[in-house]
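Asker: Position chain B against the provided structure of chain A, taking the given hints into account.
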Amino acid sequence: MAKFQGMKINPTRYHRSQIKFYLVLLPMALFVSLPIIFIINHAFKPTNELFAFPPRFFVRVPTLTNFTDLFRLASDSGIPFSRYLFNSVLVTSIGVFLSVLFTSAAAYGLSKLKFKGKKALFEINTLALMFVPIAVMIPRYITIARVGLIDSYLVLILPLIAMPVGLFLVKQFIDQTPDELIESAKIDGASEMEIFLKIIVPIVSPALATVGILSFQLLWNDIGASTLYINDDSMKTLAFYFSTLGARTGNTVAGQGIMAAASLISFVPNIVIFIFLQGKVMNTMAHSGIK
Amino acid sequence: MLKKMNHPLWFITPYVVLFVTFIIIPVILAIALSFTYFNTIQTPEFIGLRNYIELLTKDETFMQYVLPNTIKFAFIVGPVGYMMSFVLAWMLAQIPHKPRTVLAIVLYSPSMTAGIAMGVVWTIVFSGDSTGYLNSLLLDMQIINEPIQFLTSPDYLMNIMILVSLWGSMGVGFLAMLAGILNIDQSLYEAAYVDGLRNRWQEIFYITIPAMKPQMLFGAVMAVVGTFTVGAIGVQLSGANPTPQYAGQLLVNHIEDFGFIRYLMGYASAISVVLLLMIYSISKVTWSLLKDRG
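If you're matching them up, the sequences are chains A and B in order. Residue numbers are given in this note's numbering: position 20 of the first sequence equals residue 20, and the series is strictly consecutive. Residue numbers are given in this note's numbering: position 3 of the second sequence equals residue 1003, and the series is strictly consecutive.
Think of the hints as simulated: they come from the structure by calculation, not from any bench. Every clue listed holds true.
When the alpha-carbon atoms are kept at most 27 Å apart in a straight line, the in silico DSSO-like pairs for lysine-lysine are as follows:
hint : chain 1 : residue 1 : chain 2 : residue 2
1    : B       : LYS1004   : A       : LYS116
2    : B       : LYS1213   : A       : LYS20
3    : B       : LYS1004   : A       : LYS114
4    : B       : LYS1284   : A       : LYS119
5    : A       : LYS20     : B       : LYS1098
6    : B       : LYS1213   : A       : LYS112
7    : B       : LYS1291   : A       : LYS118
8    : B       : LYS1004   : A       : LYS118
9    : A       : LYS112    : A       : LYS198
10   : B       : LYS1291   : B       : LYS1072
11   : A       : LYS118    : A       : LYS198
12   : A       : LYS119    : A       : LYS186
13   : A       : LYS186    : A       : LYS114
14   : A       : LYS119    : B       : LYS1004
15   : A       : LYS280    : A       : LYS198
16   : A       : LYS118    : B       : LYS1284
The following block holds chain A by itself, in its conformation from the complex (with noise of 0.2 Å):
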């Protein structure tokens, strides 16, 4: 073994000689986890942890007042947390759903299908990876008042469908599917649309669930929406609300317990679905790569 150093990347068990490694990795993982510990913790402190000094990074009594605190406030401008919530549940899940769909179907198409404009339109959509939106927000809202879909539901979730990167992925990942698969499915007679929802989809899965992660962060934490092209207080998303609670309590100590209970709530849907999918992502990344 010891010759072949090569061999000892993805070890299937503890060696002294990963020591090292652990010394690098271990301290950078509690660096970058420590904004996310010291959310958690400030969430569930009490009114008097918060005011203490010197400031005490973990709580010493739990409590959940932050959180009622989070939810009275919305109420009491009008528009119950309820609602926010039921928006952004709303709005996120269709979106990862017509996200997953049209990006899955648009990647079978350049993978599988011949037609005219195949090849530039991959080429645009790789350009494409490159495209920052907050860049072009100005005539992206001029567009966007054209199509007259300021204050509609449609506006949160439309823009954010077309993602250049899922497109990418799931196109390099049917790339390895066999076309044997597909050639003898349709010498069983089964058109191109049912090859794809029950041959390939199936096949894809880990990609398409890559999509939807990458979808749903997109949506879900998404402020720009709400804040440019919906007036409507009451259609506007909970990420939106969290964005003003800074102006709303005023900054106050009291505040940054609220605050960090809406951060809390926010970020735990993103770690809950990327800890179950991970596995899936990476098979995808796999395949990521540009030739």
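Answerer: Using the frame of chain A, we list chain B on its own:
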């Protein structure tokens, strides 16, 4: 219904329509508007290159603060974040599956918070009075005598922005590189050691990186894009646009400043075009640098 859906249009139309409407058209519109004077009330008036000329010659904030800030920010956060992602991914590949999975999730988690949701942490940590964690710690250790106004002081804001951005830089590109390293054929290493590869540095440069070049490229593009997307963080941290004495003002904030605060949409569009060109050329340069190696 499903039986008859064979035409490629069934597959690509929904995606392409949304892609064109929300990505392609805005980009084209940005280019078109950048040659006009447009205050959102009157119809845009064609003024040729005047916006660009003004941006390069008359906009003092742009030349003095925004451009240097953006370059400094991008050239630190981009490469350092990218190298950190690679090194950490490589180290993770050297340890067994279970601890690797746990550590990978922990390292990836900050990028999920998208900076915004976590803004509150940083404002508390760097808070300008003695209740701020860092101030309290430094006071306690008697390194400083009075609290530092971290977030409103031009001297610190930029560095804090860089630190916070690096904290969240292990994103999709990091996962791609980790998967890339793990998927390299083990026999490549064996063959190379038989052929006289001597140490692990050689192994990284002659085998690992060349074998996972596609993932390295993907990671690089993600690093560039990520760097320019998190630009809003200065405004988030300091709570003001423009940021105090323009210390944390990046191109993205400059666009917002002119577009949504001063309503000079034509001018803001010209800045957008400059930003897109910057991202594009940096990606291309990175791309060719990586392509030449190995």
